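**Student:** Protein sequence lines, in the order shown, are assigned to chains P, D and C.
For the first sequence, the residue numbers in my numbering are 1266 to 1564.
For the second sequence, the residue numbers in my numbering are 428 to 781.
For the third sequence, the residue numbers in my numbering are 101 to 449.
For the record, the hints were derived by calculation from the structure and aren't laboratory data.
As the structure is a computational prediction, the values presented were derived from the model and not from experiment.
The C-beta atom is built at its ideal place from N, Cα and C for all residues, glycine as well.
A portion of the hints provided could be inaccurate.
[What the hints assert, rightly or not] Which bits of chain D does chain P cover? Going by a derived footprint, with three or more residues having C-beta under 8 Å, they are:
#: 1; stretch: 522-532
#: 2; stretch: 546-555
[To be verified] Residues of chain C clear of chain D, computed beta-carbon distances all greater than 12 Å:
#: 3; residue: Gly128
#: 4; residue: Gly135
#: 5; residue: His240
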Amino acid sequence: MTLTYPDAAGPSVLPAAEPSEARRVATLRAFLHRRLATTALVVFLLIVLAALFAPLLGLPAPNVQELAARLQGPSWKHLLGTDELGRDQLARILAATRISLWAACQATLVGVVLGVPLGLAMGLVGGRLDSIISRAFDTLQSIPPLILAIAIVAIVGRSLTPAMIAIGIVFSPTFYRISRAAAATVAGETYIEASRSMGQRTHKIVLTHVLGNVSSALIVQVSITLAFGILAEAALSYLGLGVQPPSASLGSMLTSAANLLNAAPQLVIEPGVVIIVLALCISLVGDALRDVTSGEQVG
Amino acid sequence: MTETMPLLTVRNLNKTFPVRRSALGRATEVVHAVNDVSLEIEPGSTLGIVGESGSGKSTLGRVCLRMIEADDGEIRFADANLRQLSAAQLRSTRAHMTTIFQDPYSALDPRWTVGQIIEEPLRINGSHSRAERRTIVADILPRVGLSADAVHRIPRSFSGGQRQRIVIARALVTRPRLVFCDEPVSSLDVSTRAQVLGLLRELQSEFQLAYLFVSHDLGVVERMSDRIAVMYLGSIVEIGAAETVAQRYRHPYTAALVSASPAADPVAQRARHRIVLNGDPPSPIDIPKGCPFHPRCALAIARCATDKPELVMTPNGHGVACHVTNADRTLTGTTLFDSMVERRLSFAAERTTS
Amino acid sequence: MELTPVQVKVPSAIVTAHARPPALQVDGLVIGLVGRRAPMPVVTGLDLTLARQEVLGLVGESGSGKTLTSLAIARLLDGRSVQVLAGTVTLFGRDLLTLSEAQMRSVRGKEIGMIFQDPMTSLDPAFTIGYQLTSVLRRHFDLSRQAARRRAVELLGMVGIGDPRRRVDQYPHQISGGMRQRVMIALAISCEPKVLIADEPTTALDATTQAQILELIKDLAQTLHMSTIITTHDLGVVAEVCDTVAVMYAGQIVEQATTEQLFYHPQHPYTERLLLALPRVGVEQEMLGIPGAPPRAGQFPEGCRFAPRCGHAVEPDCVAHVVPLEHLAPGRTARCVRRPELTLRGVRT
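Next comes chain P alone, as it looks inside the complex:
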């Protein structure tokens, strides 16, 4: 019999491959599969939404004093009771949460802006400039964040924003290191060389290839920094260095309520619980995001 051979270079049979959208759906599904992380995300979003839209909830204004109704326990009028000046505790907690979250975001933003672009560039370029800048960031990291924040507050006066910027500065080396390491790994990949061989400029390579491939490492660091930012703000405000009365942050609420621990323990417990829950939720979500996205980087 005669032998026939199919065309050697003919189209090949494609095994079932997953399209990019299906992959995104799969990533999302993998995340939602983690009950704990999903719960954490929902709780976190609820707190954030409540904090953002507090004025629309029909609560009393957070700074309006109602001296007749001081230190009340929970009631229908005041769901979480009132503080020593008769202000609605729920309204104050929501306002304080907004300030705390904003402060944490400031710190994170400063860290990202200072650390990430430089880290990506140095990871890709390398050389002597890289080692000089890396040493500089190492030095910066040796400063304890809270001490620097206290020092800055001592210079510019009691205000939350400079303190949080200080914390952000001290956090920037971590962002620098993470993005530099990730960029250096990606820089060795052939697709970067390929892009360069097509005439692509370096800054565009960073934007198109490098940033996408370091994003999952960054997401995790952002979540860690946010959580730490909330705790740092609480610590600073507890020391009286952060936000000034009558505005409240979660930390300053703790301070003022600490004196009344025996008379009205709920005033300490309530903001304390919010701090813990926020920090915990952010960490859980960050961890889950890392687990879900790191699997896809390998391929």
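Use these hints to put chains D and C onto chain P, whose structure you have.
**Tutor:** Structure of chains D and C alone, referenced to chain P:
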């Protein structure tokens, strides 16, 4: 006139890399990766470069395409003097000279879809609208043996051979004239290898491509090339028509390469003698004086240790850099092979009797 | 999950040909990916016999299961994602799969030596070559420091490393890739194993180095009376060193024969296509690839697993039923329903 003009002409190209620097940043030790290399590629033809790791063959390809800068020498691509081009001119020339990389796993961004990957050169080039790019990508997919629905998938779900097809599509999407194939099949299975090589040859005749085809496998290079250059420690030691180099070779190192490539026939394989080279290839940091191959060569004479042999070209375009075989023109192909095996055997016999 | 045996087990023909038990016998080996989902078989019912002092080539494309098989024999599968689900592995009459991990540790090295594909990552960059050799030697033998070092130098000489006295104090990054693979071989033979398993030992090496390393493995197998399995995707390697060959495709053996029989008279279309895909210097014959890609684990076709890529496949014979492994002669098997009617091309016809 274009018929006689080579697409790529390289003259006296040199490239060194510093491996150690003094405290002041001056290079104290260098790797001489490409050493005074000259070559030409005709439009639509293939020049194969064969050599072992450390021979500088991949560096040569990268220097020829100015992916890394040469130390000195001249590169002419079409009618441009490549080394004199400005950065902007070079960027627009890049569309005409592209690369197929060795490792199809790291050559594709794992987060991009196949469509995004293939159209990247067009996007960088900036000469096509979004819709045009999409049409071009859709046209090229079946040409490289991929189905149309591959556009929306990511590289992870493709096998090595299929990924290499994506790399090929990306290299061809700008309709280049010269493609540098850097070991394009050495990370693939033997069965996939033949498929990809067949595809490369088909595309060559369809798009009139010239290939600079680099590989360590003489069998593969012989299949693909019109001409072959054999590299050893940065220098071309033999160059000529593919058939000539593979069968009527005149350099002892080429003979060793031929001896090392499997015959795919167990009886023939075991019956034949093999040229066993002395030791491993020396490091390119410390290239021997004289002929770089002389410490491992069975035919080496005193002169080989002192004078570096020139590449002597015959009128039919066969060049060999060897003092011994250029003096004795009868040493070609199997004659050369047998005399090397004989020399080695008598050498071994001397050693056992003494 | 229940695994139905894919083939009827036939007593291996080679066993009867030898009076003593073979060096290594694998029966009905099933290896599966395990994890959150039900186990997914990757190697399905593999039988293999390695006669004493024989060099056996285990040939297949990536994903065919050849590497998993060689790892399973040495019980080196990472038990979390890949496991042996069924079958036995018998080394000189002793079932390896029932041994404790402690017993297995003394089998590895002393009875089975392994060589891996990538010599760059298989050596610890932080220790000298001599340290890595002597620590293995002293773990398995009662040797003084000096004696172990003398033995290490001797081993390096045996695997063809020039100036072993100097090399023994060098670090892996100071030597070339070919020399690293020689060191790996020295490690593998340091405890004089009876069975040597080399997993793609030359894939990462250059042509001239590859030829040297194969020659070395062949010589050592002979002088040390080792029985050897070499896994490879390249039939050229088989032509060079192997006595017998087993060709694997999609988790099964599709053909087994002596090297000469396989090259000159292949009995399975897949073997034929593998032979046609080989490049040969100075031979005017087109290299032909095999269209398509091998099926992935879990997507193996119902009937002949090669049928979707086979130029000889016909319906319904090739796709309807599971194809059994046919025993043609002692040590000669093939898995093709159309075998009697086909005349397949070997390398000399």
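**Student:** Could you run down the list of hints and mark each one as holding or not?
**Tutor:** Cross-check of the supplied hints:
{"no.": "1", "hint": "522-532", "result": "holds (count 6)"}
{"no.": "2", "hint": "546-555", "result": "holds (count 4)"}
{"no.": "3", "hint": "Gly128", "result": "27 Å, holds"}
{"no.": "4", "hint": "Gly135", "result": "17 Å, holds"}
{"no.": "5", "hint": "His240", "result": "29 Å, holds"}
Going through the hint list in order, the structure satisfies each hint without exception.
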